[in-house]
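Undergrad: Residue numbers (the working numbering), protein chains in the order written: chain C, 34 to 273; chain A, 34 to 273.
For chains that are exact copies, the list does not tell them apart, and a pair is met inside one copy or across any two.
Taking lysine-lysine pairs in the DSBU-like style, the calculated list, with each CA pair at most 35 Å apart, reads: (1) 244 with 215; (2) 172 with 105; (3) 106 with 80; (4) 49 with 105.
Worth flagging that the hints you see were computed from the coordinates, not collected in a lab.
There are 2 protein chains.
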Amino acid sequence: MLITSLNNDRVKELVKLKDKKYRDNNNLFFVEGYDIALEAYKNNIIKELYVLEGTDVNMDIPVTYVSYDVMKKISDMESISEYYAVCYKRDENNIGNRIIVLDNIQDPGNLGTIIRSSVAFNFDTVVLSKNTVDLYNPKVIRSTKGMLFNQNVLIRDIELFLSELDGYTVYGTDVSNGNNIKEEDIPSKIVLVIGNEGRGISDNIKKLCDKFIYISMNSECESLNASVAASILMYEVNNK
Amino acid sequence: MLITSLNNDRVKELVKLKDKKYRDNNNLFFVEGYDIALEAYKNNIIKELYVLEGTDVNMDIPVTYVSYDVMKKISDMESISEYYAVCYKRDENNIGNRIIVLDNIQDPGNLGTIIRSSVAFNFDTVVLSKNTVDLYNPKVIRSTKGMLFNQNVLIRDIELFLSELDGYTVYGTDVSNGNNIKEEDIPSKIVLVIGNEGRGISDNIKKLCDKFIYISMNSECESLNASVAASILMYEVNNK
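The shape of chain C in the complex, shown without the other chains (with noise of 0.2 Å):
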């Protein structure tokens, strides 16, 4: 099948999965790019796939022809791309021991970098304040460079997630209290919290760390990118 009308009514309701709410009603979200493309192939959560016109295909499910009007039309690139795949959203898992905590992070890209960061550093889970920049916004699931799909990422109420956590050592970051993370003992079962770009950790929420650690460096610099910040803590955690 070819698709090469803009009014067509797939058309019409493929351009609405770039708003949220849309996204949200429906529990899917979609990607662009054949490396992301694969990834959701292969974790078997595409629901329709769209292929610029011309270009052959490898993956061993129904595909949508479209022409490169209909590409530049739904898609959220300035370069578009030649796959174009709608996902549902992945179901949720246990949380598992190692948990790193997002406190109202707002750059699409620094959240993108930290879940794909949490994949490479072995960390079980991801949870999102629900203030936090949308998971499925695209420049978020771009920068995941398809490690959203490898990722148990939950979306909560941090406040009411931490108190009711049994037998964790809840961890704060701050760029200069605490222990310095090179000399801390870690225990098994963590997790990790990362405050926002401009203010850091919310006062409500540092109440309920039970520890403090930084990140050693110059004190020219007042701090460093959250994305990095959170990726050295979770390389460290994982080399323990």
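Assemble chain A onto chain C, guided by the hints.
TA: Just chain A, lined up with the frame of chain C:
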């Protein structure tokens, strides 16, 4: 002095600073926001300071006030800030002992973040290949969070730069080849080479590397974000 007309000649000149060629020809760039303007002020590189009318200024230099519309016109940001400073590009210093070389980094956020981390982890110099994204791109400057003024950043032909070095160990980064950075003895004079986001280090540069190092991670994840990888490596070197 207050400028309110969008047709003012200085406003027309300032708008040209958004263009790389104009910045290069005049050896100038601009920064936006109080925090970064303050860093530029402390570093004594501000040529002209423009401030939104009605704002109190605590810097001891001549100020030109501008209307909201003028600030909107000269700004590169979606929501304008109160401070806009035209700055002189910084002179070059000696390269020091710890150098990070960026081979064709394309994402402005990655470049800015690496410069920020390079100050945090006591690197002396950042060297950019000529095809790296423009250092004075406003998005790069924003991502450095003012740390651009605390770092010696050079733009060079990387092959020539590396081949002329003497007494430095040049480390290439590779996802899986070479030694784990955790187990590597790092000499005092080193160069760390970081490759392009998608393609890694180019082949001609690889040939000039003495050794390769990698960051240990879960094999499900093919690679880390370039600024995360660079930051973890600099963090490790700084902690040796």
